[in-house]
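Enquirer: Starting from the known structure of chain A, fit chain B onto it as the hints suggest.
Take a look at the letters that make up each chain.
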Amino acid sequence: MATPIEKIKTKRAEALNRIISKGYLSTKRVYVGMATCEIAAGSKEVMAVFKENINNGLTDVYLSQKGCAGRCNLEPTVEVIEEGKIPVKYGKVTPDMAKEIIEKHLKKGEIIDEWVIK
Amino acid sequence: MKKRNVRAEKTITFCNGPGCMHLESTKIIDALKQELQKRDLSYKDVKITISGCLGMCEQGPIVIVNPGYIIYGKVKLSDVSQIVEEHIIKNKPVVRLTIEQNHLYNRFFRVFGDIDFFGKQMRIALRNCGIIDPENIDDYLSVRGYEALAKVLTDLTPEQVIEQIKISGLRGRGGAGFPTGLKWEFTRKAAGDVKYVICNADEGDPGAFMDRSAIEGDPHSVIEGIIIGGYAIGATEGKVYIRAEYPLAIKRLEKAIKDAREHGFLGKNILGTDFSFDIEIRLGAGAFVCGEETALIHSIEGSRGMPRPRPPFPSVSGLFGKPTLINNVETWTNIPVIILDGAKWFSSIGTEKSKGTKVFAVAGKIKNTGLVEVPMGTTLREIVYDIGGGIPNGKKFKAIQTGGPSGGCLPEAYLDVPVDYESLSKAGSIMGSGGMIVIDEDSCMVNIARFFLEFTQNESCGKCTPCREGTKRMLEILTRIVEGKGQSGDIEKLERLGETIKKASLCGLGQSAPNPVLSTIKNFRHEYEEHINDKKCTAGECQALLSYTISDKCIGCTACKKVCPVNAITGQVKNKHIIDQQKCIKCGQCVQACKFDAIVKG
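Sequence order for the protein chains is A and B. Quick note, the first sequence lines up with residues 744 to 861 if you use my numbering. Quick note, the second sequence lines up with residues 6 to 607 if you use my numbering.
Treat the hints as calculated values from the structure; they're not laboratory data. Cβ coordinates follow ideal geometry from the N, Cα and C atoms, glycine included. Wrong hints could be hidden among the right ones.
Said to hold, decoys possible - Below are the DSSO-like pairs computed for lysine-lysine, each with C-alpha atoms no more than 30 Å apart in a straight line:
hint, chain 1, residue 1, chain 2, residue 2
1, B, Lys508, A, Lys861
2, A, Lys850, B, Lys490
3, B, Lys52, A, Lys828
4, A, Lys851, B, Lys15
5, B, Lys15, A, Lys828
6, B, Lys477, A, Lys850
7, A, Lys771, B, Lys15
8, A, Lys828, B, Lys349
9, B, Lys97, A, Lys842
10, A, Lys835, B, Lys49
11, A, Lys851, B, Lys171
What the hints assert, rightly or not - Residues of chain B placed beyond 10 Å of chain A at every Cβ, according to the derived structure:
hint, residue
12, Ile34
13, Val116
14, Phe123
15, Asp138
16, Tyr151
17, Leu154
18, Arg193
19, Asp223
20, His268
21, Ile286
22, Arg309
23, Ser322
24, Gly433
25, Gly545
26, Lys579
27, Asp585
Next up, chain A with everything else stripped away, as it sits in the complex:
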């Protein structure tokens, strides 16, 4: 019989497959902070903008929620992660800023530097 260690390895492989099948290997991964503090700062509305755009045909983007990273006064935060590049962290994101992040960063690859947390 398989040991717990062997079982967990199988489970991990299956989990990775499920994540990949949801589009994890897309060119860009977007994480929106969705802890109580982030939601209070307005992250639900920001998340809605990304979801709406994906529903309306924005492709090659993997969207996920995440917990609070702990940078309170810059919430809501959004990360855009591309393989082989330093992840871009945006702070104090509003729905309007989310739209611009989609248009410039996600579609054209232009990072909006003044919103990046440094």
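Expert: Quick look at chain B alone, frame taken from chain A:
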């Protein structure tokens, strides 16, 4: 195009831990800068950052290149040009220098390491917070989730697990700092057919949100820790006691427990072994005293949340009179890391008596508010200035309050105190569960003491007379002091009451309730004296002690006269105005209306 990408393509991080720095790190940084200059690479291409201790001291000096989280160990001066040539320019990591990088801790570094606020932290408890989806167990599994549980069930006996926790040196993160391994051992050895495990998630300090963030950001780490605890002491049931005011944390915890059950990490015969264990959530109504373990146990049992004398300790007679292991959220999240990254490694982080890291919720008058996890032994100065970014608006630092309503206020002279259980209590404060409030020159220390005492006074359960009545009397005295009605002898009365309450109360709430008052009297006695004797509040916070006067800067524009709601200001146009002190209600509207800074608050 007005926006241009000026972000660095790569980040090179040097470990600033004591182990690495006394090696050649500083020389290597200089060599790297020269090497980059020689090749005409600027800050646009490469950003150099200095981190806090990265926990790899044995292999130092450590250099990390991101993206990719490539870690180089034992880097020598002679390696610098090869790293630049091959990794920075050709994008091919120098394999001969790379070291293991599959550890659990510091995973957040891959995403956040290039930002100073994060880069100087070390994250064990919060390792996954902000980088995985907390509601998706697949995300947790992908970062080696439940592997520690599997390892324990495959390779270790319960006694061996306890031995590992003891070697790690982990101490309770709820505040008291009791050695976790010992607690586990006592509960394991206590006689009893049924035993319980409890996770104390009744976070109640004003301004503290470490546990909420940990559960909301990474609930499975907590659950995995609890299951391992259950295996170690021989329990089949666990409870998470969490306050109902944390609805999202509860929702995520419920989902995580359900998902864990479906995957066979909870329930009967976990991962095919003989070990069975399940977790139930119990909601608290948000009473501060229920964070005290015996009160918490009473609350779960359905009784009023009131503490009882110890011994017997819960490890002998706890929930329903059975041996019970109770640890707080942060303690539990450390467990999987100790199992997978190693107890010896864990014990290499921190100070002699305080091992590992501690999470703080840093708030108040500080630029970067937020969650900060640092190795034990980091100084308050490093937290406030290097990570927190210092005090905003050019104001002066006045004090730092640690440990919430049970803690104390430390003035500037204590900024170099290393954060660990013993050093903080020696300085007159406590570690507590991790609240940290920074106070600047605009805040009145008497008022701050009053705020905390009002909190504990409200939350006193009423069982012990010194706490119930004593805190009430102390609050009355503090209130009259800030209202300008302080009497001589009040300070001594506060001290005497405080000492009595500390000595004569049963639980931690009462024993520590006077701390904010006593520590502010000790360190800021002059402010109390000023309030009582001179009826003056230099910080300008106590409304009743303020007076507004108009200086010669006044040009007689009448703006203040127009906004004064009680017509206390008189004066002709183009002549200096005067405030009638009898009529003035100290609302401060005139200060805002004046464009010439002519109105003096004092």
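Enquirer: Each of the hints needs a verdict: does it hold here or not?
Expert: These are the hints, each one checked on the structure:
no.: 1; hint: B:Lys508 - A:Lys861; verdict: 49 Å, violated
no.: 2; hint: A:Lys850 - B:Lys490; verdict: 66 Å, violated
no.: 3; hint: B:Lys52 - A:Lys828; verdict: 13 Å, holds
no.: 4; hint: A:Lys851 - B:Lys15; verdict: 21 Å, holds
no.: 5; hint: B:Lys15 - A:Lys828; verdict: 8 Å, holds
no.: 6; hint: B:Lys477 - A:Lys850; verdict: 62 Å, violated
no.: 7; hint: A:Lys771 - B:Lys15; verdict: 18 Å, holds
no.: 8; hint: A:Lys828 - B:Lys349; verdict: 34 Å, violated
no.: 9; hint: B:Lys97 - A:Lys842; verdict: 36 Å, violated
no.: 10; hint: A:Lys835 - B:Lys49; verdict: 24 Å, holds
no.: 11; hint: A:Lys851 - B:Lys171; verdict: 53 Å, violated
no.: 12; hint: Ile34; verdict: 19 Å, holds
no.: 13; hint: Val116; verdict: 5 Å, violated
no.: 14; hint: Phe123; verdict: 7 Å, violated
no.: 15; hint: Asp138; verdict: 5 Å, violated
no.: 16; hint: Tyr151; verdict: 6 Å, violated
no.: 17; hint: Leu154; verdict: 7 Å, violated
no.: 18; hint: Arg193; verdict: 21 Å, holds
no.: 19; hint: Asp223; verdict: 6 Å, violated
no.: 20; hint: His268; verdict: 7 Å, violated
no.: 21; hint: Ile286; verdict: 17 Å, holds
no.: 22; hint: Arg309; verdict: 28 Å, holds
no.: 23; hint: Ser322; verdict: 33 Å, holds
no.: 24; hint: Gly433; verdict: 28 Å, holds
no.: 25; hint: Gly545; verdict: 24 Å, holds
no.: 26; hint: Lys579; verdict: 44 Å, holds
no.: 27; hint: Asp585; verdict: 41 Å, holds
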